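Residue numbers (our numbering), protein chains in the order written: chain A, 4 to 640; chain B, 640 to 892.
Treat the hints as calculated values from the structure; they're not laboratory data. Misleading hints may appear alongside valid ones.
Unchecked claim - Listing some non-contacts, in silico: residues in chain B with all C-beta distances to chain A over 12 Å:
{"hint": "1", "residue": "656"}
{"hint": "2", "residue": "662"}
{"hint": "3", "residue": "711"}
{"hint": "4", "residue": "718"}
{"hint": "5", "residue": "731"}
{"hint": "6", "residue": "756"}
{"hint": "7", "residue": "809"}
{"hint": "8", "residue": "828"}
{"hint": "9", "residue": "854"}
{"hint": "10", "residue": "866"}
{"hint": "11", "residue": "878"}
{"hint": "12", "residue": "881"}
{"hint": "13", "residue": "885"}
Claimed, not checked - The list that follows gives simulated cross-link-like pairs (lysine to aspartate or glutamate, EDC-like), each with its CA atoms no further than 16 Å apart:
{"hint": "14", "chain 1": "A", "residue 1": "34", "chain 2": "A", "residue 2": "460"}
{"hint": "15", "chain 1": "B", "residue 1": "650", "chain 2": "A", "residue 2": "487"}
{"hint": "16", "chain 1": "B", "residue 1": "650", "chain 2": "A", "residue 2": "482"}
{"hint": "17", "chain 1": "A", "residue 1": "255", "chain 2": "A", "residue 2": "617"}
{"hint": "18", "chain 1": "A", "residue 1": "255", "chain 2": "A", "residue 2": "477"}
{"hint": "19", "chain 1": "A", "residue 1": "255", "chain 2": "A", "residue 2": "621"}
Remember, it's a predicted structure, so these values are computed and weren't measured experimentally. We put the beta carbon where it would ideally sit given N, CA and C, even for glycine.
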Amino acid sequence: MLLDAGTPAGPIEEGWDAHRFGVRLVNANNKRRFHVLVVGSGLAGASAAATLAELGYRVTVLTFHDSPRRAHSIAAQGGINAAKNYRNDGDSVFRLFYDTIKGGDYRAREANVFRLAQVSNQIIDQCAAQGVPFAREYGGLLDNRSFGGAQVSRTFYARGQTGQQLLLGAYQALSRQIGLGNVELLSRTELLDVVVADGRAVGVVARRLLTGEVVSIAAHAVVLATGGYSNAFFLSTNARNSNATAIWRAHKRGALFANPCFTQIHPTCIPQSESFQSKLTLMSESLRNDGRIWVPRETTDAPPEAVAEDDRDYFLERRYPAFGNLVPRDVASRAAKQVIDADLGVGPRRNGVYLDFAEAIGRLGADTIRTRYGNLFEMYERITGEDPYRQPMRIYPAPHYTMGGLWVDYNLMTTVPGLYAIGEANFSDHGANRLGASALMQGLADGYFILPVTIGDYLAPQLGQPEPTTDRPEFAAAEAQVREQVARFTSARGSRSVDWFHRELGRILWDECGMARSREGLERAIAAIRALRAEWDADLRVPGTGDELNQSLERAGRVQDFFELGELMCRDALEREESCGGHFRLEHQTPDGEALRDDERFTFVSAWRHAGPDAPAELHREDLQFRLAQPTQRSYR
Amino acid sequence: MRLTLQIWRQKAPDAPGAFVDYQVDASPEMSFLELLDQLNERLTLEGGDPIAFESDCREGICGTCGLMINGIAHGPQQGTATCQLYVRRFSDGDVITVEPWRSAGFPPVRDLVVDRSAFDDIIQAGGYITVPTGSAPDANLVQVARGEAELAMDAAACIGCGACVASCPNGAGQLFTAAKLAHLNLLPQGQPERSRRTLAMVAQMEEHFGSCTNHRECEAQCPKGVSIDFITMMNRDYRMAVRENRKAGGEER
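Start from the sequences, fold in the hints, and give me the full structure.
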């Protein structure tokens, strides 16, 4: 099946305006007749819920956290892009659009990306008005910095805590609506199934985490804003509890899953130090503004200060003189992997490359560097016990963000009518590689400015129809299925813990479906995942019961979904016989080791349909057309 | 390293609790929460009951984690959330007590987990600037002096973990409330609602938490170093708001 995204006809530049004029609207007084369920309270979920409630919709928000403010958007450090061109350095909506399409290696949908660039400026206005304490110039105007994949300075930031401050802005807007009684908040509540009846999403089944109670919630529309799935790798920069359960169970109820193999490995993370490590910590990409990345030219265990200037290889500056240390993430990660594979890595495990601030400190002074990155330097020192003001940081790539996600049309609706996916949970805007400072932009674009408009098109025709109710067999069946899964897990008394399996699964995915992939390796991975899954079914141990706070039980459900999703990631990587962005197939590279796309055969979005527990997923396609940005070999030289 | 952990165990909010001792082997490179992960792994495989504790980002920003370690909120390292505390801060043979936040404003849930929804209530009462989506002017239309913006950011850095309440002998919620008030009240965008916000948030705070008597434990144990100067600002704003409110005939409330 060929998928139709419903992008507007006519010039792309006018598409969003034309589309907004074309969508059906719900009259202000009628909005209260509609109940929208928003799952997740990160940037996308909180901004959408607040905005929908401001418009007059009745909104319920579900989050597994104890408070909406804990969502993992809070950990985004570096910044948010917008095409304001406040620096007068040649930026424009078109340039942001073009950089994003090119950065995504020509695997994103032009119409969506253009719209994203258009609304980017409104986001900054909105957030500044909410009191987000963005960095300022002495004159009181907003400051900017540069990020990878761009030659202009368009990134707005609040120290190294931009995600925190943007999320608190959205959380506060949401809190206002909760206080006004327009939003009902169900915290510590985890979605465990999406309920589909008569071909539409009509609600969800969820588990109250403190009591184990399984509840049904009916709604006119369901919005999934539940983030990405990097935790499939076990070790990633994501929070411990980030998971794919909501989008995966939606997938099993009919929502197509797009580009699962498009995962982003972030170049600047603290290398793994020990085998019991529970997560990898990101060091913001903004550090690459002033830090220089290098390794010794020859394998050595000498400390960095003992390596003479001439014996250092600033490999990004050497290979990519035009962008230098600010090449996009996929390019920087792959280059780091290549030098480490050549045994030029640094640190006790030789698993890192240096990110060196000596030159910047010499040029700008330690105080300036402290103002720009103080909190990141402190974080680094706390974790490693090393002082980056005196010796270079050690960094290595780690799974960070997933460009893949539920397939959505131009209205951000999945292939299940009434079910929407926004933010990282969808696949839409970043193609095969996301540029730094664009995740915050996309989450807030979807939540503040796009979904609240497009959802009316689905709701308007339902006016006058009966209120949705949980009193239908589909809810009872979904509840029974959830209870059955809880019972199965809590009677699992094997000899291995959930975390053990998760770690093993992560190792398989990282080795074979990480930064470099091959047919052989991916086939090996699929076999290994299946074998591990059989072991999981036979030998898992989950303590406790289903009627209480049971964190092992929560994790069991999430890891089980990662097994299935992990296999699909490998399948997708296997089918995509080209290299693009974060997806690097060893069989498809240029003589100098760059990703080699195959536009003839693969200028499309892969969208997978679940075909039941025992049948392989079916591949569908959305063909991509490029009208404004002509695909070229990406060059950052 | 060999450590003894004395951990508070409590099955349910109304069940009795007690300290239980666990001997653990630890590596200095582990984070403190990874040590608990490892202990939970052992308890799971031994057929025991793993310890319930909360954490999420494990990089000190989400505010989910929060343990009383040897009587200090987030443990012995200043300016550090529990998740960023490493075992290298301890010595071989140490006995370490681990407790939940204890405060009337944070009712117990299970083991080391408590309910901090009182903080959400305070934000819902007024911890925002009213700006419906779409109604904002161009961001550079409102200038903010750099010093003010920086100070607002110092206050906005609060992660809502609750260490301030847990460390306070009175169980006061002043530092959390004051940090949010300072963040918003310092900015030009926050002026129109300043009085209303201050009155509403303080009233909500007092419903849940005790009173401040300047012990300064909150500041000392705050993982983000939020200053009690903000409490002074809150008190001043509160007095001004009460006076204004009186003049306006109580309309602000």
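Evaluated hints:
1. 656: It holds; residue 656/B is separated from chain A by about 15 Å at its closest Cβ, greater than 12 Å.
2. 662: holds, 17 Å
3. 711: Since the minimum Cβ distance to chain A is about 16 Å, residue 711/B lies beyond 12 Å and the statement holds.
4. 718: The claim breaks: residue 718/B does not keep its Cβ more than 12 Å from every Cβ of chain A (closest is about 7 Å).
5. 731: Holds: least Cβ distance 17 Å, greater than 12 Å.
6. 756: Its Cβ does come within 12 Å of chain A, the nearest being 7 Å, so this is violated.
7. 809: holds, 23 Å
8. 828: Contrary to the label, residue 828/B does not stay out of reach of chain A, its closest Cβ about 5 Å off (not over 12 Å).
9. 854: holds, 26 Å
10. 866: holds, 15 Å
11. 878: holds, 23 Å
12. 881: Non-interface label on residue 881/B holds, nearest chain A Cβ at 21 Å vs cutoff 12 Å.
13. 885: holds, 24 Å
14. 34/A / 460/A: Holds - the C-alpha atoms of residue 460/A and residue 34/A are around 12 Å apart, at most 16 Å.
15. 650/B / 487/A: violated, 25 Å
16. 650/B / 482/A: violated, 27 Å
17. 255/A / 617/A: Roughly 12 Å between the alpha carbons, so the hint for residue 255/A and residue 617/A holds.
18. 255/A / 477/A: holds, 14 Å
19. 255/A / 621/A: Given pair residue 255/A, residue 621/A holds - Cα atoms ~12 Å apart, limit 16 Å.
Hint check: violations occur at hints 4, 6, 8, 15, 16; the rest are consistent with the structure.
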